[in-house]
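Protein chains in written order, with our numbering: chain A, 9 to 345; chain B, 9 to 345.
No wet-lab data here; the hints were simulated from the structure.
Positions of the beta carbon are idealized from the N, C-alpha and C atoms, including for glycine.
A few of these clues could be false.
Taking beta-carbon pairs under 7 Å as the criterion, some of the chain A residues facing chain B (in silico) [unchecked claim]:
{"hint": "1", "residue": "Y53"}
{"hint": "2", "residue": "T88"}
{"hint": "3", "residue": "R203"}
{"hint": "4", "residue": "S255"}
2 protein chains.
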Amino acid sequence: MSSGPRLVLVAGTTETATIDGISAAGSAPELMATTPSADAELVIYGGPVRTDVVPVSPTGCPTPAVFTRAIRDLVDFDVTVVDGGLAEPTGAPTVSVGAGAGRDIRNADPVPTAPGAFEAARQFGQRIPEDEIVLAETIPGGTTTALGVLEALGEEGSVSSSLPENPLDKKRRVVSAALEESALEPGGAAGEPVRALRRVGDPVLAGVSGLALGALQSDTAVTFGGGTQLLAAIAVLRHLGVETPLSLATTSFVAQDPDANVQNLAAKLAVDLHVTDPGFEEENHPALDAYVGGEAKEGVGFGGALSLADRAGIPMERVRSRCIEVYDDLVEEVPPA
Amino acid sequence: MSSGPRLVLVAGTTETATIDGISAAGSAPELMATTPSADAELVIYGGPVRTDVVPVSPTGCPTPAVFTRAIRDLVDFDVTVVDGGLAEPTGAPTVSVGAGAGRDIRNADPVPTAPGAFEAARQFGQRIPEDEIVLAETIPGGTTTALGVLEALGEEGSVSSSLPENPLDKKRRVVSAALEESALEPGGAAGEPVRALRRVGDPVLAGVSGLALGALQSDTAVTFGGGTQLLAAIAVLRHLGVETPLSLATTSFVAQDPDANVQNLAAKLAVDLHVTDPGFEEENHPALDAYVGGEAKEGVGFGGALSLADRAGIPMERVRSRCIEVYDDLVEEVPPA
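Chain A on its own, in the form it takes in the complex (with noise of 0.2 Å):
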């Protein structure tokens, strides 16, 4: 009854993005835990409702949720946001899993809902109608707590980050130390996803990898669209028996980052790779210009709806435009934050 794609978005919170340094996903550690929510917003209606902000980077980069919702002015797909832990309250109407904000993964039981929500994630998604959906996330810090999942899973591998500078030394010893006060070795929860989730992860991770499994089990299609949040996502699916090819729409900002390596992380999760690349660097507009400079990169289905504009044979010329033009009339409504 339904054709689809549609956009899942799961938008949720982890107090990790607090940690100095970890996150650009707001301009400051107070806005971070705004930041989910303003995004689904501007993907539903294409400015703030019951925030008042437009997410910027410390620097000023803006969250890819307008990029998101530039495309979606370009080509129809729907949208559901799922509530995957949010801190704030939102305009965007979202569906519940149970969910709620992640702590720390630096404490002993970070994200107790994460089993739960994991579930009820798979049981909406074996009843999602559409045939296929696209799979993404909005959460501060989810690099890091991506990169808790894969290092308790055993899954050696990098995360990608929405700064320049990758700080990927800190994050490592923010897993470091959430793996110990979880009594958790590396690779302790192999085969064990849904305790990693719980212990070092996330709930937007629990939401994505729960519905993920409902879809497939459904005979949905799955597209991720993100970056290394959705590998560890994969990643979890994967510790969990599924066999399936997967496949992960990005943008090329993510696979050009050394860092992140997602080449090499999607090769040995056996992920097809479809990588967009938006040629920002053809224009000279400071918003693009911050994702050539190597901000932001990905996040709240930036890949995933340019992968849709693509297949739909939407010229990346008229997406940048697109892309440019409601990014000015938000920054002349709503002055970032």
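Please arrange chain B on chain A, whose structure you already have, making use of the hints.
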């Protein structure tokens, strides 16, 4: 940054619906609680998701959600569902305004969340970015609680029914008992409409009237899409001192209902009435025939959606054939409950 119109559907419950013979919005009293959750899924996804049902009346007449969805396939409008006190999980994403399920109005304080939900809805309504919204409802038993609010405000009027034989006497007895339990005379809450919502109303009416007030305060055009329940929401606004011209888009089934006499109440409330006749009598199909026979009549934004189709120049013949297609596809996939 947005155009609109956006259909804002407030979905919720009142245990008043379970009073024998009050409502046809479900095939059995125990299914009434599921109807709004299923209606929201139908409008958003085109079929049941977390619920297993396509709501039908005891005689098999389908929910108007089927037709609102059918029209959505022809006229592209966005939909936001607001949780106005849902009692069962829905796969439709919802905006929370803190509304709880309403109890039978023959209790002293059946809707304690009404004041909070009204205010949260008002704030959300102020922030909705579209230039125009169409407000709609789904709540079994809602005409009885609407009658309660009208009586408490001292607005003489009648209400429509989802049953072909409107059990108006029964509704009036329920409302009398409700007013007595809340120590209210008819007209006793004149000028205090939020008190009326709380004492003898329902959480959906609280959400609808709050949303309308907020939208009007921020110069968003509001069309009320529905029948006598939406007129009760307008009465709430009038008792708050709103004097702007307001308009109601409803179906011919409600407009032709002599019991409801919407023309009379609309005139008293200075409401501009837009009636759209989908011409269902020109087809020979059981689902459409049930409406011609006076069942269901309106709800889930049916009248509002019809007015959007009419405004977009869609011939009613196309509307009817799409309604039939959507219904036939649905009953093939999901046997009516």
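Results of checking the hints against the structure:
no.: 1; hint: Y53; result: holds, 5 Å
no.: 2; hint: T88; result: holds, 5 Å
no.: 3; hint: R203; result: violated, 26 Å
no.: 4; hint: S255; result: violated, 24 Å
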